[in-house]
Amino acid sequence: MSRNKLKDYGNRVFREVIGYEPISSSIKPVHIANGLSRLVLGRSYNIDHLNTWSKRYRQGKEVMTSGEIRKRYQEIIDHSVTDEEINKIRHSLELIFDADNSVTPSIKFSTLTISSMTHVTDKVQNEYSIPNFLMKILSAKIDGDVSKCIPLLREHLQNEQDELSRIAKPVVDYDSRSKAVDLEESNTILGELELRIRHAFDRLAENEKMSFSQNKLLSLERIVLFSCFSIILHLSSKVLDLSNNYDENDRFPIVFDSDGTLESIKFASQESLALARLGIEQFFEKSLEVILLKEGYNKYTHEEMLKRIQEIPIADGPRKKNKEAEEDKRRNYEKLYLGFYEQNKNSFDSIVKATRFWLFAEYTTDPSQFISSFGGRIGLLAPRAGGRGRKRFSPDPLILEVILLSTLQNNKTVSLSEFGEILWDRFGIIIGANPEKDLFALKKWNISQNTPGDLAGNLTVNAEKIADLYISMGYGKRYADGVTILSVKGGMR
2 MSRNKLKDYG NRVFREVIGY EPISSSIKPV HIANGLSRLV LGRSYNIDHL
52 NTWSKRYRQG KEVMTSGEIR KRYQEIIDHS VTDEEINKIR HSLELIFDAD
102 NSVTPSIKFS TLTISSMTHV TDKVQNEYSI PNFLMKILSA KIDGDVSKCI
152 PLLREHLQNE QDELSRIAKP VVDYDSRSKA VDLEESNTIL GELELRIRHA
202 FDRLAENEKM SFSQNKLLSL ERIVLFSCFS IILHLSSKVL DLSNNYDEND
252 RFPIVFDSDG TLESIKFASQ ESLALARLGI EQFFEKSLEV ILLKEGYNKY
302 THEEMLKRIQ EIPIADGPRK KNKEAEEDKR RNYEKLYLGF YEQNKNSFDS
352 IVKATRFWLF AEYTTDPSQF ISSFGGRIGL LAPRAGGRGR KRFSPDPLIL
402 EVILLSTLQN NKTVSLSEFG EILWDRFGII IGANPEKDLF ALKKWNISQN
452 TPGDLAGNLT VNAEKIADLY ISMGYGKRYA DGVTILSVKG GMR
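Going left to right, the sequence shown walks through residues 2 to 494 as the numbering used here numbers them.
Source of the hints: derived by calculation from the structure; they are not laboratory data.
Any given hint could be a false lead.
What the hints assert, rightly or not - Listed below are the simulated DSSO-like cross-link pairs for lysine-lysine, each with C-alpha atoms no more than 30 Å apart in a straight line:
#1 Lys466 x Lys490
#2 Lys478 x Lys210
#3 Lys445 x Lys490
#4 Lys142 x Lys170
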């Protein structure tokens with residue numbers, strides 16, 4: 002255990018209450034895919050050889066030369082193959098299996114782009130227990146059954162007949178050892194938000210099964226993408242289930258900006274992302290309450306709380322300079338507490354807020370930084386990963402497709418207005434399909450007050466632009482009278 006008690010509290014919040022650790026900007030979709038695949042299969046595989054072929058350079062230096070490759074894999078390399086051809090093969094494999102730039106020379110940290118089970122490796126640090134949390138949602142029994150996504154994922158992963166798996170097969174077969182994975186017992190009781198996420202997973206699986214093409218690679222990609230979206234939704238909205246300040250019909254609005262050309266929509270989307278970050282702060286504080294209640298903080302008077310602040314160890318190490326820094330930290334921590342106490346005169350609430358603020362400011366504990374990087378990686382936020390400027394919800398076509406497939410029944414047709422209502426009910430998403438209702442929701446959360454331009458009018462335009470994207474993908478049709486309908490049939494690839 003760390004000598005820094007506050008850091009211990011932060012770690013316990015993630016481990017004991019939230020259930021995963023969204024604290025790193027290095028987390029990528031491929032890490033979620035690897036962990037979820039391993040848990041679904043109950044096995045991990047030896048990826049050493051495919052890893053070697055898929056990573057030629059590290060920091061500009063060749064990890065293994067073509068001559069070394071030839072010597073090590075002489076059993077599968079024909080004598081007529083030149084060094085140049087070996088390197089071309091390695092380049093092709095790298096493009097395929099290191100698409101997320103997550104392959105490293107060290108197997109301990111390396112993760113491949115997955116097209117079948119033999120590409121699934123042991124647990125890596127950058128999973129941060131996110132796949133385990135998702136698996137609890139999928140494995141929870143509803144009416145006696147686990148999620149339909151589990152057998153679908155298993156079927157896809159066990160099918161090695163796709164073109165990518167066949168390309169890698171000679172290298173994979175060189176040594177295809179595997180080992181069983183210890184699986185956690187799951188008796189999870191899903192909360193309201195987790196239930197909505199679970200139903201969306203099931204709907205997505207149903208639509209994937211009904212697809213005529215049964216393109217397993219696209220299906221895998223869509224399931225992983227929705228898994229990533231679910232984590233961002235859970236982080237930003239779970240407090241609605243936990244706090245008495247909200248009722249069961251409340252949703253934090255997620256304003257989808259179609260293309261960034263409508264200033265009022267762009268601003269509203271940016272504000273809705275700021276609100277999502279506020280939801281994360283509140284979720285962390287509610288979770289921190291659970292930990293501090295166990296420590297008895299709710300019993301302290303104001304004077305006792307000030308004494309506790311003086312006693313709690315918050316040094317990062319035993320050395321003298323750390324001791325000196327500890328006193329500065331303690332004074333700042335006390336100032337935070339006193340500032341919040343001055344506002345509400347509640348010692349427990351004040352220490353919760355002060356501790357959350359301290360952890361987010363001092364350490365890599367702030368999940369709102371995670372959703373900024375992760376949301377950009379999956380194409381949910383713009384500017385994308387690494388881009389400058391204030392971020393907003395601006396989903397790319399693949400995200401829009403996944404959202405539709407996780408909400409609409411395969412045999413149903415809905416109007417654009419009905420689709421907008423479904424999106425709001427399931428996820429709190431606003432596209433502008435019901436301008437009056439959407440504007441009312443935005444006003445409730447104080448998003449519309451400072452929005453430039455004609456927000457009400459631009460909501461309608463934004464919805465039409467998003468509908469145009471669905472129509473271009475084959476999921477919609479606009480009639481001469483201006484009515485737009487959406488359905489699953491015709492769009493799935």
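Which numbered conditions among the earlier hints are violated in the structure presented, ordered from lowest to highest? 3 and 4
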